[in-house]
Amino acid sequence: MRLDPGQSAIIILMVALGVQLTRWLPFLLFPEKKELPQVVLYLGKVLPAAMMGLLVVYCLKHVTWLSSPHGALEVLAILTVVLLHRWKENVLLSIGGGTALYMLLVQVVFA
Amino acid sequence: MEILEKSNSWAAHRPDSSAAAAVKAAFPATIPVLTGYICLGMAFGILIQTSGYGVGWALLMSVVCFAGSGQFLGVTLLTAAFDPVQALLLSVMINARHIFYGLSLLGKYRGLGRAWPFLIFGLTDETFSLVSSLEPPEGISRRDFYFWITFLNYLYWIIGSVLGNLAGNFITFDTTGIDFVLTALFVVLFMEQWKKKENRPAGVIGILCAAASLALFGADNLVIPAMVLILVTLLGGRRFLCA
Chain A
1 MRLDPGQSAI
11 IILMVALGVQ
21 LTRWLPFLLF
31 PEKKELPQVV
41 LYLGKVLPAA
51 MMGLLVVYCL
61 KHVTWLSSPH
71 GALEVLAILT
81 VVLLHRWKEN
91 VLLSIGGGTA
101 LYMLLVQVVF
111 A
Chain B
1001 MEILEKSNSW
1011 AAHRPDSSAA
1021 AAVKAAFPAT
1031 IPVLTGYICL
1041 GMAFGILIQT
1051 SGYGVGWALL
1061 MSVVCFAGSG
1071 QFLGVTLLTA
1081 AFDPVQALLL
1091 SVMINARHIF
1101 YGLSLLGKYR
1111 GLGRAWPFLI
1121 FGLTDETFSL
1131 VSSLEPPEGI
1141 SRRDFYFWIT
1151 FLNYLYWIIG
1161 SVLGNLAGNF
1171 ITFDTTGIDF
1181 VLTALFVVLF
1191 MEQWKKKENR
1201 PAGVIGILCA
1211 AASLALFGAD
1221 NLVIPAMVLI
1231 LVTLLGGRRF
1241 LCA
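Residue numbers (the numbering used here), protein chains in the order written: chain A, 1 to 111; chain B, 1001 to 1243.
Excised from the complex, chain B in its bound form:
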């Protein structure tokens, strides 16, 4: 008993080393997001700058929103007639896919204590795909591992949007096509899901429902119909998919 207490207090006195270990474990997983977020964040920073908003505004929006498509929508709304109710509704619709992320992570995010409000705050496409596909390595707690993934991604996004706003005009390196890094990330994480045989039907359902929705509703309206199709198919096929 005494030994147990001793070892516990010993561990409690070394928070820094465990935080360092968690960052070391989380960082490699976030490198693709680092690339993607710096570029996308910069694109956002440039866009909002050309609409007449300086670096303080870019920073504010990235800190409080932390959402790619949401912030690009936000810039459009800032240059239109003032309509806060419409802004709220459009934002909910554009970001509706996040609802499924939360639904998927209800179990995984239980019992994570103080970290959880921040984990939910920062649940972007990219954070979700990493968190839902990866388990922490031995010796790293789930809370620390997922916290650092979320926090690093948040930092990348903020840094990217500030950089873009300040220095967007000075970039001479041709970055056309670098946003493919996020497509590649999702492809790799899809393959990681595919490794488990029981995930395969759901993966195929996701692709087919999204493709059908794209064909029927077009590129700008594909997400919500695709979510409905996916939900209906998954629930309807539950008996087959569960086995």
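Just chain A, same shape as in the assembly:
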């Protein structure tokens, strides 16, 4: 069932408010003038690498490791990204090559 336009707009604004709360919270807690505590500076240094690790795992969350094809497509494509990136260090080539291989695997080889 479809909500009426007014209700729909309210739901959309609520979702937007939720998103913005999570984005603004740290900046509201530590405004420009306030000096950053040591522990926050430390987290600022280590969190990006940790979050990048989390995002990679997050992208793979639906992979079925225990049943066929055991994540073979993802492993092969990520391996390609890693090797291409170590070889040429060209971000677009690494990402494009890995994605092209993944599409080929998912559409043709493992279809």
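Everything labelled a hint here was simulated from the structure, so no lab data went into it. A couple of the hints might just be wrong.
In silico negatives: residues of chain B with every beta carbon more than 10 Å from chain A [unchecked claim]:
| no. | residue |
| --- | --- |
| 1 | 1055 |
| 2 | 1138 |
| 3 | 1163 |
Below 30 Å or equal to it, Euclidean Cα-Cα: the simulated DSS-like pairs (lysine-lysine) are [stated by the list, open to error]:
| no. | chain 1 | residue 1 | chain 2 | residue 2 |
| --- | --- | --- | --- | --- |
| 4 | A | 88 | B | 1024 |
| 5 | A | 45 | A | 88 |
| 6 | A | 45 | A | 61 |
| 7 | A | 88 | B | 1196 |
| 8 | A | 61 | B | 1197 |
| 9 | B | 1108 | B | 1196 |
| 10 | A | 34 | B | 1108 |
| 11 | A | 61 | B | 1196 |
| 12 | B | 1196 | A | 45 |
| 13 | A | 45 | B | 1197 |
| 14 | B | 1197 | B | 1108 |
| 15 | A | 88 | B | 1108 |
| 16 | B | 1024 | A | 45 |
| 17 | A | 88 | B | 1197 |
| 18 | A | 33 | B | 1108 |
| 19 | B | 1195 | A | 88 |
Derived coverage of chain B by chain A (criterion: at least 3 residues anywhere in the stretch with Cβ under 8 Å from a Cβ of chain A; other residues may be distant) [what the hints assert, rightly or not]:
| no. | stretch |
| --- | --- |
| 20 | 1066-1074 |
| 21 | 1101-1107 |
| 22 | 1212-1224 |
This one's a predicted model, so the numbers in the text were calculated from it and none came from an experiment. Ideal placement from N, C-alpha and C gives every residue a C-beta, glycine not left out.
Put chain B on the given structure of chain A with help from the hints.
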């Protein structure tokens, strides 16, 4: 002194050329996001269209929310019973990872003047990963570089969702698997972090905590426990990681 003033005013009279230079520097970095956002945005546009919402609604939601997982959740909520409080709470929970992005960028986003509210507004997974990994090239200010990365990503997302809503049914090219582009982006940016030796323990901690959380809590509930695990491990290991 006079020369200094002259050169300053000269620079101030050429805002267009410096904006063009900033776009030129930022655009290549955003190309993977362009691909990913057009596709994901289209998926969103198609989904909301099949739920009975036309292009105006798709546009509105992408303009005010600018959040992938948040908007997919939004479509589900639009087709359920009207419950705004639940909508707010679910949205906060699904997007909780953004809190760590802001925490990481507190230093980097200081002193950026008028640009900062927009930078914070548009802090998606992809914008965060680019901004936290990249420094502007010589001659481009941090403010302009990060502003254009954020703004271009925002545009891609809006264009994708409108396109999907209007033309989703006309696509004949098989795009299955193209969303892997964002996985590949995160892998590459992980490797960029990995280049600095002092980042490696944190990177491993991120992967292990997320994997443990995935195994324990399942695919739908992995983010918040993973964040707690990461935070506890990073704070507990501070003495070792700081050195």
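Review point. Which hint numbers does the structure go against, in order from smallest to largest?
Key: none
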